[in-house]
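J.: Could you build all of it, start to finish, from the sequences and the hints given here?
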Amino acid sequence: MPLMNRNIENFIESLLFASGRPLRLSEIRTILENEGIRVDLAEVKVGLNNLEERYADTSLELSEVATGFRLQIKKDFSHLLSSLWTENNRLSKSLMETISIIAYKQPVTRGEIEEIRGVQVSTNIIRNLLERDWIKISGYRETPGRPALFITTKTFLNDLNIKKISDLPPLPEKEDLSQDEITDTTEINLEAS
Amino acid sequence: MSTSQHKQGELGIVNGVPLPEMPEDLFIPPQALEICLETFTGPMDLLLYLIKKQNINILDLEVSKITDQYIDYINLMESLNFELAAEYLVMAATLAEIKSRMLLPKAEEDDEEIDPRLDLIRRLQEYQVFKKVSEELANMDRVNRDFYLASVNMPKVEKKTNVIDFNVARLKSSMVEVLSRPKLDKSHQIEFEELSTQDRIQLILSILSKKNLIGFYKTLQKSEGKVGVVVSFLASLELAKDGCVDLIQNKNEEIYIKSKVLNAVNE
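Line by line, the protein sequences are chains A and H.
With the first letter of the first sequence counted as 1, position 7 gets the number 24 in this note's numbering; the numbers rise by one all the way through.
With the first letter of the second sequence counted as 1, position 241 gets the number 229 in this note's numbering; the numbers rise by one all the way through.
The set of hints was computed from the structure by calculation and includes no laboratory data.
Keep in mind that this is a model prediction, so the values were computed, not measured.
Possibly wrong hints are sitting among the right ones.
[What the hints assert, rightly or not] Okay, derived cross-link-like pairs now, EDC-like style, lysine to aspartate or glutamate, Cα gap no bigger than 16 Å in a straight line: (1) K248/H x E226/H; (2) K181/A x D129/H; (3) K210/H x E165/H; (4) K91/A x D129/H; (5) K110/A x E131/A; (6) K191/A x E114/H; (7) K180/A x D129/H; (8) K171/A x D150/A.
[To be verified] Residues from chain A that keep clear of chain H, each with C-beta distances beyond 10 Å, as calculated: (9) S43; (10) N67; (11) S155; (12) K180; (13) P189.
We put the CB at the ideal spot given by N, CA and C, even for glycine.
T.: Right under this line is the structure:
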């Protein structure tokens, strides 16, 4: 039934466009079923594959991230779009250090982050990460003061376009960090001045 | 700037003159301090930077040199009226302590003395790991910076709000109207009947179905108190009114309830 398949494909496309968030295979199936379209997961997957093929010569692409499938604009066009995007998406080095420690050592307390970074973690950084929905409090450590334990969220993975935490680059071995491997943006800044 | 790339022995040209070797005292050009201050994320970052400038491995940390440079840096910052985070001073103190311990002559027989630099080196290594990986993370594709999502802006479903013709005078007249309304909404509480007359009627009838004549006091329990007496009395009156029972009082003023229905059945 090629016509029928085509329909499923279009249904899925419309859902992905309008949902505003990634959709799981099972979510797509449920929504279609509620509309009286009986499909199994394999058929949804076929629909997605067909869509992906259809997008080959367009600016769109299908991407699977932590919380399902979503439509993205191919990276080739990013430079076009960045001018439309007024929001400043620059993140400070301090913030990146903090999120890295949380990502690789989770669940982790603020004190443990400070121990590694050798400096206080500013409230702004934690607030920024919470507002981005990149981290959340998973509980409290049963030690005096009951410090909050931070973990990363699925949104963090989605925003980095990955599916799971193990898709992050592996932690470098201490021994492998030889002198010239340290990329130092400070130096670039100095010389630029 | 005084130098350009100087990796792998390639030294730059300063004022048209090639630089034969690194000036020994070169670490941070003071005029660059204002710019680079913001770029250090903390004392560990600064320390790592100084070590890198010396082109040495962390493991070969030359505490004496580094400490001097570090403290120079701190002094410079203070002379420029930068407020340094307290942690920078803590690190300065740590460095000074390690330096002083290194200067102490080692007791020769004491081979097991722990290298005072050990803890700092371990911390630097761990920090370096996360500094490195945080740079990798920063370079990963990120939404709305390196790639963008494709979606349509769905029309927001807005509830239609009727614009009301409203002004102070109307507000006042509404308020007056509300205040002048008669209070028809007095609240009262409905309490659950502890003993219901209806139940008592059923009880009396069920007793009478076995016994034709019962004493009034058999229909209640002492624990029910006055309420019990009242309820039983009401129930028997109700039954008498409906013609189900006769109420009889003897000379001792004891009340008896006699079933009329059963009599009829029996007869």
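J.: Now tell me if each hint is right for this structure.
T.: Structure-based check of all given hints:
1. K248/H x E226/H: Distance ~14 Å between K248/H and E226/H Cα, so the pair holds.
2. K181/A x D129/H: The given pair, whose Cα atoms are some 15 Å apart, holds under the 16 Å limit.
3. K210/H x E165/H: violated (56 Å)
4. K91/A x D129/H: holds (12 Å)
5. K110/A x E131/A: holds (14 Å)
6. K191/A x E114/H: holds (7 Å)
7. K180/A x D129/H: holds (13 Å)
8. K171/A x D150/A: holds (9 Å)
9. S43: holds (21 Å)
10. N67: The assertion about N67/A holds, with a minimum of 17 Å to chain H.
11. S155: Holds: least Cβ distance 20 Å, greater than 10 Å.
12. K180: holds (13 Å)
13. P189: violated (5 Å)
Hints 3 and 13, counting from the list given before, are not met by this structure.
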